[in-house]
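Enquirer: Please arrange chain B on chain A, whose structure you already have, making use of the hints.
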Amino acid sequence: MTTVDALLAAYLSHQLGAKSVRIENLKQISVGWSHETWLFDAVWEGPTGVESRGLCLRRDPGNALLREMSDLAQQFRVLKCLEDTDVPAPVAHWFEPDSELLGAPAIIMDRVPGECPSPWRRAGREYYAGAAERGVLPRSFTDALVAIHTVDWRGAGLDFLGVPGDGDGFAIREIDTWERLIEESGHPGHPILDDLIGHLRANAPVTPELTLVHGAFRTGNVLIDDDRVSAVLDWELQVIGDPMYDVAYMLTELNREGTDLLSNVVPRELFFERYQEGTGIEIDEARCSYFQLLYAMRSAAFWMSAAGLYADGRNTDLRLARTEWSVTVALERAATELGY
Amino acid sequence: MSLSSPEQLRRLAAALKEEIAPEVGDEYPRTQAFMASVILQRVAREVELADEHRDAEVSEVRALAEELTPVLRDAPPEVRLALEGLDTPNVLSLRALIPALYGWGADEPAAQTALARIRDVLRADIDRRMEIAT
Chain A
1 MTTVDALLAA YLSHQLGAKS VRIENLKQIS VGWSHETWLF DAVWEGPTGV
51 ESRGLCLRRD PGNALLREMS DLAQQFRVLK CLEDTDVPAP VAHWFEPDSE
101 LLGAPAIIMD RVPGECPSPW RRAGREYYAG AAERGVLPRS FTDALVAIHT
151 VDWRGAGLDF LGVPGDGDGF AIREIDTWER LIEESGHPGH PILDDLIGHL
201 RANAPVTPEL TLVHGAFRTG NVLIDDDRVS AVLDWELQVI GDPMYDVAYM
251 LTELNREGTD LLSNVVPREL FFERYQEGTG IEIDEARCSY FQLLYAMRSA
301 AFWMSAAGLY ADGRNTDLRL ARTEWSVTVA LERAATELGY
Chain B
1 MSLSSPEQLR RLAAALKEEI APEVGDEYPR TQAFMASVIL QRVAREVELA
51 DEHRDAEVSE VRALAEELTP VLRDAPPEVR LALEGLDTPN VLSLRALIPA
101 LYGWGADEPA AQTALARIRD VLRADIDRRM EIAT
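Here the protein sequences come in this chain order: A and B. Taking my numbering as reference, the numbering of the first sequence is continuous, increasing by one, and the terminal residue is 340. Taking my numbering as reference, the numbering of the second sequence is continuous, increasing by one, and the terminal residue is 134.
Think of the hints as simulated: they come from the structure by calculation, not from any bench. Since the model is a prediction, treat every value here as computed from it, not as a measurement. One or more of the hints may lead you astray.
[What the hints assert, rightly or not] Chain B stretches covered by chain A per the calculated footprint, using a threshold of three residues with CB under 8 Å from any CB of chain A: (1) 21-35; (2) 99-110; (3) 113-121; (4) 128-134.
Backbone N, C-alpha and C fix where the C-beta goes; we use that ideal spot for every residue, glycine too.
With the rest of the complex left out, here is chain A:
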């Protein structure tokens, strides 16, 4: 099997028009749940001497949680659309659909400086608590969401993502999306989920304004450099939709590990004030509560998909086998949020 560094060296030699490219400091930083991510330095002889560039490879091994909804071509296009906007995002250079060349469909983008502490680990929680005390990151984190929600998405060409219909079109489209993933998972389902879906369909809210929506905006999905967001990552769930979908994700207790700070880092009052002032959008907590129920459905869909990938042998990672019981936890939460 050709190693990742050999594949990268050959690929970049062709793309850069350089005779030989060396791959240095190659390191895989995440495995299993979604795409593979590799960081490395490309070093080559340029016309004026040795050149180097820090890059990031993101590959889709074809067994990711989102199945065929996981679309690197779309992610690449989104990143290109965001290049001239205020949204902090990595600059993407190449999308390669041919698995022969990089081992799987892949994107190569700039390596953005910064770190991404996991909010689910003690060290991460301590990091965010410290950053909240210093006060810069809460503002920068909120401003990143403001930038996403105020981007001129039509002007940036992001309408290719699909514009939902008027009224409750956005919520219904999301329900349809996650119902499709549940069906594809092959999971036997559970009547609590049928109850939740029935409730969501019967109570779908009207979306008064459409924005770009990240879909998973939280700590752990942004890079932080010197207490500022240097890049928003994980462009896998973005849609044109209701900005309260992201706000609900900020407000949910699911993204807080025993702290009152939203997403572990932003004081609630600061977020409300800065977000509303920055976007001109009033936070509608009723809509946020609805979208939190929709997240319960989405969580169940994710875990069903993961358990199904293990069950049908597409992915042998035992962490996925364990998600069979995560489905139960998501359903219990849904039942509680539905009031029983």
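Expert: Using the frame of chain A, we list chain B on its own:
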């Protein structure tokens, strides 16, 4: 003396967690060994509680079907058909009835009564599942 299946599984889980996983050098297989231990513990619990849980489920779904029959006597045919599905007394057989009730109408009092009673059964079911999941 022989071990019961749950106890056998629990001991395998303990060996994986305490003796095997810590000796594995590479991160990925070590994580897999720990995960295998967690899964075996859950399966042990599932095996241990299977009879008790199944008996409770059968009894609750049968009682629910009896209660709902008069409540849904005047319901549309699709609801009554879905109710007949409860002849198979397990919680998954409620999967057809719930969408039928929503289809009948969220404001229909009989549908609301039926949903409220169904939710009691679902809460009991998910509580039992949580005994294994957490």
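Enquirer: If a hint holds in the structure, say so; if it doesn't, say that too.
Expert: Verification of the hints:
| no. | hint | in the structure |
| --- | --- | --- |
| 1 | 21-35 | holds (count 4) |
| 2 | 99-110 | holds (count 4) |
| 3 | 113-121 | holds (count 4) |
| 4 | 128-134 | holds (count 5) |
The structure agrees with every numbered hint stated previously.
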